[in-house]
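**Student:** Starting from the two chains in their separate frames, assemble the complex, guided by the hints.
Chains as they are written, first to last, in the working numbering: chain A, 1484 to 1596; chain B, 31 to 142.
Just so you know, these hints were derived from the structure itself, not from any lab.
Among the hints, a few may not be true.
Unchecked claim - What the simulated footprint calls covered on chain B by chain A, stretch by stretch (three residues with Cβ under 8 Å from a Cβ of chain A suffice, anywhere in the stretch; the number is not a length): (1) 75–86; (2) 130–139.
As the list claims (entries may be wrong) - Heads up, simulated SDA-like pairs for lysine to any residue below, C-alpha to C-alpha not over 20 Å straight-line: (3) B:K72 with A:I1509; (4) B:K97 with B:E87; (5) B:K97 with B:S56; (6) B:K129 with B:I80; (7) A:K1507 with A:T1586; (8) B:K72 with A:T1521; (9) B:K129 with A:G1580; (10) B:K72 with A:H1493; (11) B:K129 with A:S1549; (12) A:K1551 with A:I1538; (13) B:K129 with A:N1533; (14) B:K129 with A:I1538; (15) B:K129 with A:L1528; (16) B:K129 with A:Y1514; (17) A:K1507 with B:E75; (18) A:K1507 with A:P1553; (19) A:K1551 with B:K129; (20) B:K129 with B:F79; (21) B:K72 with B:S38; (22) B:K72 with B:R137; (23) B:K86 with A:G1583; (24) B:K129 with A:Q1520; (25) A:K1561 with A:G1499; (26) B:K129 with A:A1550; (27) B:K129 with A:A1555; (28) B:K129 with A:I1509; (29) A:K1551 with B:N128; (30) B:K72 with A:M1522; (31) A:K1561 with A:D1546; (32) B:K129 with A:T1521; (33) B:K129 with A:R1524; (34) B:K72 with A:R1524; (35) B:K129 with A:D1513; (36) B:K129 with A:T1586.
Claimed, not checked - Here are the simulated distance ranges between beta carbons: (37) A:I1488 with B:N52: 33 to 43 Å; (38) A:Q1581 with B:K86: 11 to 21 Å; (39) B:E35 with A:S1570: 19 to 29 Å; (40) B:S56 with A:I1538: 13 to 23 Å.
Here the structure is a predicted model, which is why all the values come from computation and not from measurement.
Ideal placement from N, C-alpha and C gives every residue a C-beta, glycine not left out.
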Amino acid sequence: DAGVIQSPRHEVTEMGQEVTLRCKPISGHDYLFWYRQTMMRGLELLIYFNNNVPIDDSGMPEDRFSAKMPNASFSTLKIQPSEPRDSAVYFCASSLGQMGGYTFGSGTRLTVV
Amino acid sequence: QKEVEQNSGPLSVPEGAIASLNCTYSDRGSQSFFWYRQYSGKSPELIMFIYSNGDKEDGRFTAQLNKASQYVSLLIRDSQPSDSATYLCAVNLSGGYNKLIFGAGTRLAVHP
Chain A
1484 DAGVIQSPRH
1494 EVTEMGQEVT
1504 LRCKPISGHD
1514 YLFWYRQTMM
1524 RGLELLIYFN
1534 NNVPIDDSGM
1544 PEDRFSAKMP
1554 NASFSTLKIQ
1564 PSEPRDSAVY
1574 FCASSLGQMG
1584 GYTFGSGTRL
1594 TVV
Chain B
31 QKEVEQNSGP
41 LSVPEGAIAS
51 LNCTYSDRGS
61 QSFFWYRQYS
71 GKSPELIMFI
81 YSNGDKEDGR
91 FTAQLNKASQ
101 YVSLLIRDSQ
111 PSDSATYLCA
121 VNLSGGYNKL
131 IFGAGTRLAV
141 HP
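Only chain B is shown next, with the shape it has when bound in the complex (with noise of 0.2 Å):
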């Protein structure tokens, strides 16, 4: 079982419409967790980090995380073509450690 996964997509939403992006995790003990947006040929770029169970909101965006599940989501309202991009999910070991384990990424198209 992979640490961090996620559905490869792609993910096809129009726009103005709402994106769902998933990811479970297996390590129960993890405590902070993290969404990354990575266009094409660019590095990855944090959008979202996580720590409590529940919904954290930033603008357009919605981190939602239930730990007894294991599960994390990122919901994206009003999706716009520029939201096109793959989102990675990175979730931070547990044991003191400062080492994020990245998921292989859900690629999502937003079309007009």
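Chain A extracted, bound-state conformation (with noise of 0.2 Å):
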């Protein structure tokens, strides 16, 4: 298996320019997730997804951020407009069920300059 699938690895973008994520998650799982990490606050849940369906949100920082799965094998996170304070790493990762842990894509390193 090819493990969880992130597009692109490396982003750089100007600030109020559109960014899209692209994740694809295991074959199977039903659970996907989008997590940022910074060094000021950590791994933080910005939204999961399970059979397609959003679950929960609340992680989601602004009305910017907005989150798609539109079938089982593919996700968007966009921002539109970035701000430099988006600059993160972006993990996307995929579950089957809810007693398993979860598998994690390489990320999306993203700066907004």
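**Tutor:** Shown next as structure tokens:
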């Protein structure tokens, strides 16, 4: 299995631009999570989906952030407009059921200048 | 109070020693607990999970859980320089959610 696949690995963008991060979960996994990691705040859960349906988006910081999961094999996290404080590593993770741990993707390092 | 608390470290141990990493959590109803290892610049990697009070062993790793004290720990025996990483404690919140909350992590340094 190829694991959780995220793209791009690195993204540098100017403030005010739209940024789209992509994730392909492990085939067969029914949960998908988006996390953000910074030195100051650690690993924060932004939103998660179960069977493509958003379950909890209470961690999404602002309306500038949105996430979609149009099918079981693809999800996007969009930031529009981006701001320098959005600079972080964004991880996507997936799991099968509720009892096991998550498998994380390699992450996208976002830098907003 | 943070939901999951860890000492940020660094915890420095000599090669071959036992490293002890600790974590406390605030949600008394939590049922599942995880330890992840994260090397610098890499993604978190699951190394242990535990659901029941007591100890769970896997190779050089032992996870310990005490729900009454809301405390979970990870012991690494015969520590190796390759164990040097940040160890993240994660707790699945109660209430039927599948929602892992992570601690800030403890940085472990194993020196030869």
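**Student:** K129 (chain B) and S1549 (chain A): Cα distance at most 20 Å?
**Tutor:** holds, 19 Å
**Student:** For the pair supplied as a hint, K72 (chain B) and R137 (chain B), is the alpha-carbon distance within the 20 Å limit?
**Tutor:** OK: K72 (chain B) and R137 (chain B) at ~14 Å, within 20 Å.
**Student:** Can you confirm whether the C-alpha distance between K129 (chain B) and I1538 (chain A) stays at or below 20 Å?
**Tutor:** holds, 10 Å
**Student:** Quick one, are K129 (chain B) and A1550 (chain A) close enough, alpha carbons at most 20 Å?
**Tutor:** holds, 17 Å
**Student:** Just to be careful, I want the Cα atoms of K1507 (chain A) and E75 (chain B) compared with a cutoff of 20 Å; is the pair within it?
**Tutor:** Judged against 20 Å, a Cα distance of about 17 Å means the pair holds.
**Student:** Within 33 to 43 Å: is that where the Cβ-Cβ distance between I1488 (chain A) and N52 (chain B) falls?
**Tutor:** The hinted range 33 to 43 Å holds for I1488 (chain A) and N52 (chain B), with Cβ atoms some 34 Å apart.
**Student:** In terms of beta carbon proximity below 8 Å, does the stretch 75–86 of chain B have 3 or more residues touching chain A?
**Tutor:** With 4 residues close enough to chain A, the hint holds.
**Student:** Does L1528 (chain A) lie within 20 Å of K129 (chain B) when you go C-alpha to C-alpha?
**Tutor:** holds, 8 Å
**Student:** Hey, K1561 (chain A) versus D1546 (chain A), does the alpha-carbon distance stay inside 20 Å?
**Tutor:** Between K1561 (chain A) and D1546 (chain A) the Cα gap is close to 10 Å, so the pair holds against 20 Å.
**Student:** Checking one constraint from the list: CA of K129 (chain B) to CA of F79 (chain B), max 20 Å. Satisfied?
**Tutor:** holds, 15 Å
**Student:** Mind checking the alpha carbons of K1551 (chain A) and I1538 (chain A) for me, to see if they're no more than 20 Å apart?
**Tutor:** Since the Cα atoms of K1551 (chain A) and I1538 (chain A) sit roughly 12 Å apart, the hinted pair holds (cutoff 20 Å).
**Student:** Are the Cα positions of K1551 (chain A) and K129 (chain B) separated by 20 Å at most?
**Tutor:** Distance of about 18 Å is within 20 Å: holds.
Every hint from the earlier list agrees with this structure, and none is contradicted.
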